[in-house]
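Peer 1: Each chain is listed here by its residues.
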Amino acid sequence: MSLREQTGARLNLEGISVNFGGVAALTNIHLEVFDGQVTGLIGPNGAGKTTMFNVISGLQKPDRGSVALGDKNVTRFGPARRARLGLARTFQRLELFGSLSSRENVEVALETKHGGGDLTAEGLLHRVGVTSDADRQVSTLPTGEARLVELARALAINPKLICLDEPCSGLDDSETRLLGELLRELASEGRGVLIVEHDMDLVLRICDRIYVLDFGEIIAVGTPDEIRNDPVVQSAYLGTVAPEESADR
Amino acid sequence: METFLTYTVLGIVAGAIYAITATGLVVTYTTTGVFNFAHGAVAMFCAFSYWQLNQQWGWPVWLCLLIVLFGEVPLLALYVEEVYMKRLFGASVVRSLMVTLGLLLILVGGAQALWNGTVQRSLPGYFSNDTVTIFQVVINYHQIITVVIAVLVAVGLRVYFRRFRSGIAMRAVVDDPELLSLSGSSPRNTSRLGWFIGFFLAALAGILIAPQLSVSGLDVNLLTLLVVNGYAAAILGRLRNLPWTFAGGMILGLSENYAAGYLPGHISANLANQIGLLFPVVFLFVALLLLPSARLRAIGRMVVAVPPKIPNLLQSVRSAAVFIVIMWIVAMVISSSIIGSVTQGLALGVVGLSLVLLIGYAGYVSLCQLTFMGIGAYVMSQVAHGGATWWGLILAVVVCGAVGALVALPTLRLQGLYLALATLAFAQAAYYGFFTNISYIPEGGAMAVGRLSIPGISTSGDKAYLVFVAVVFALCAIGILAIRRSRWGRKLVALNDSPAAFATLGMNAAISKMIVFAVAAAIAGVGGVLYAGQPLAISANDVQMFASLEIVLFVTIFGIRTVSGALLGGLAAALLPLASSHLPWWGVGITGIVAGAGISLMAAHPDGVVPIPWINEHLRIPGLAIPLKKKESIDVVA
Ligand SMILES: Nc1ncnc2c1ncn2[C@@H]1O[C@H](COP(=O)(O)OP(=O)(O)OP(=O)(O)O)[C@@H](O)[C@H]1O
Ligand SMILES: [Mg+2]
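First to last, the sequence lines map onto chains A and B.
Here the first sequence is numbered in the numbering used here, starting from 1 and rising by one per residue.
Here the second sequence is numbered in the numbering used here, starting from 1001 and rising by one per residue.
Hint data in this document are derived by calculation from the structure and do not stem from the laboratory.
Fair warning: there could be bad hints in the mix.
[As the list claims (entries may be wrong)] Footprint (simulated), chain B over chain A, 3 or more residues, beta carbon under 8 Å: (1) 73–83; (2) 86–100.
[As the list claims (entries may be wrong)] Simulated restraints, written as ranges between beta carbons of each label pair: (3) ARG1163(B) with ASP135(A): 55 to 65 Å; (4) HIS198(A) with LEU1406(B): 48 to 58 Å; (5) LEU1575(B) with LYS113(A): 40 to 50 Å; (6) VAL221(A) with ARG1162(B): 38 to 48 Å.
For every residue, glycine included, the Cβ atom is placed at its ideal position computed from N, Cα and C.
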């Protein structure tokens, strides 16, 4: 166990680096996610966001650095053990149980020892806004709907920290708005929420804190206001992706 | 000292051949992502072709080499790439595995059909076995050539992969095909090249090893299996690293020969021979234990095929009843010459059900299911002293389950491919070390087994026994479907669909994997007891690895996710040999060829024959399919 300072953070990444055969996907990353907050992670394509999620959930071993969940150093833990400590995630490229129905996808998660409680599959699917037939096979669902099923499945293990990789791609505006409200609600229940999202409106609206990643390095951290006005961020990211934002000012 | 040197030389020569074949495997695997189970069969086929040209037709060596290595090999590689592999890019491990197994059976069946197995064939070594003596050891030129070629292959490939553009591209193709196409190389060309190099090295190994089989001569099975031994070396190189693969080949060759050379003198030649055959298998298991744990990867795969519909309990009981009535009628009308085969087909169907659970639901491939069948029959034979008791059945189930768990154990941390390899090795080990070992099983490997029966109902008549086996099959089928509907069954399917999501929800794949493997082994054991009860005996020949491959492929062809697939697969595996017995000598290859050819169907219908909508609608197999609701007509019934 490393003798880290007690930060009270739900998730704490310290000095994480990942290389893929000479390509630095992540370099010396420090990141914290707190209970009760929505933390955003933004950055251009290929910045390393998904890689960071893989490091957090245990699918990718970092070359350097440590990962802590609560006050437990989990760097050497596999994904299943981390999940049992209250970590859940969704995937940018969907990882649903494709031959099962929406309901069954959620039920498999509910039936784990740490999952469930008084949650039900119907309740969770309804909560995340799934409107299609719960008995429909998930590989036949449209992407947006499938993403929501994945979110419901992640919530079924009643996580303390939930990491969402681009949950809004495939959703329309009103669905995105509803999802934003849901994420705030999850935070207000005392969970930590970490979200990767390209929809800047949403990120700036719902996040308490935002990290900006570029070429595997964190180039800025701050509140939505600070990020909006950060010149480095504007030149690296906001300026190109969301020109309306800068035109506002 | 002189003996030591002799064994060293022999070991290096054997190691050189292992190194060549293992290198070929690794090159194909790294460039195409497909582990070629047919590697040994390619070597065998090319060695036979070479024999045909060189010995039968008397063509000069250089011409034969040219034709085989630069004519036959590229054609074969192109054929395989075009017909089977291009659709497999990114396909599941199970599917690509099945295709190469199919290829294996086609080549083995083809060779059996082309070259009459009763004829003794041999190939001379190069330079008519002239020898030189180095350090008091007599070495012939063939051996020297073998080692030189192995070194040339190793050095040549290393240079090629580091220095040449297409070589560097080959290293990249598996890691990131999209990146590769951006860089201007075509993944298809790279993949073709990967198959070509793999086949080329296989052929080379086959031609080099064939002259050393002076006792047995060229033998289809032996040649195919000798190259299987190279698998162990490839595993030591973690299927990636060429220098380690080469070293693995050498270590294997040397240790095998030292072991043979320094066995205590009082060990019988028979046992020594068996140790030689067992050695690579043990080596493979050790190599598997040394492998690092598999890294789970989120690959974003979604099952697109609509899985067969799972009937509920009432539906499956109803179908089972219909099925039993039909089998009753069949038993009454069928001719006595084929009733035994039908019964054994149903017993193989039970083994097929174990594969539905293991491969169809959980996605793990076992190539030793008939070994468990044999173990089940063996336990019964021992417990009931050649008869059959229900206690014997219970014990057979327990022993098979325990052995199954042990076989799966070393691969729990690893990917599905390694489980398949471990089962292949186990099938071999059990065959050479146990089923053909006269110290365990006397009388030419046949074990007497009786027929189970229900008190008051005799099964001694063939008709009655057929109905009895049909009843057991139906009960097992109901059980398998019940497992699929259960929480655990759903978990298995989930694990198969996305191991990454399974783990990130906090579930332990290793335990599920071990349990499902044990349960499948136990069911296969039941099949074995039933199978052996028909002719009242089972022999080593029934439980060979190739027979295991055939049953896996037949069930896959008919539908690995359906119980009807298990039934039809079992019947096909039992009835086709019947057809071949009515054919001349070339008929021996027919089962393999049909099974192998059927696999090409999977390119279009990955789920097999039964779930094809048209078949399910028009050729509804009575008692197997369940009436569909109108709106569900595209769905399929298990
Ligand atoms: N398994 C891998 N092997 C090699 N390189 C990889 C691997 N995974 C990711 N990379 C590389 O690492 C870098 C970061 O990728 P990552 O997927 O983390 O980016 P991202 O920020 O999630 O991008 P996007 O917005 O497109 O999802 C990219 O250059 C990518 O090509
Ligand atoms: Mg990403």
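Peer 1: Give a verdict on every hint.
Peer 2: Verification of the supplied hints:
no.	hint	verdict
1	73–83	holds (count 6)
2	86–100	holds (count 13)
3	ARG1163(B) with ASP135(A): 55 to 65 Å	holds (58 Å)
4	HIS198(A) with LEU1406(B): 48 to 58 Å	holds (50 Å)
5	LEU1575(B) with LYS113(A): 40 to 50 Å	holds (47 Å)
6	VAL221(A) with ARG1162(B): 38 to 48 Å	holds (43 Å)
In summary, the structure agrees with every hint in the numbered list given earlier.
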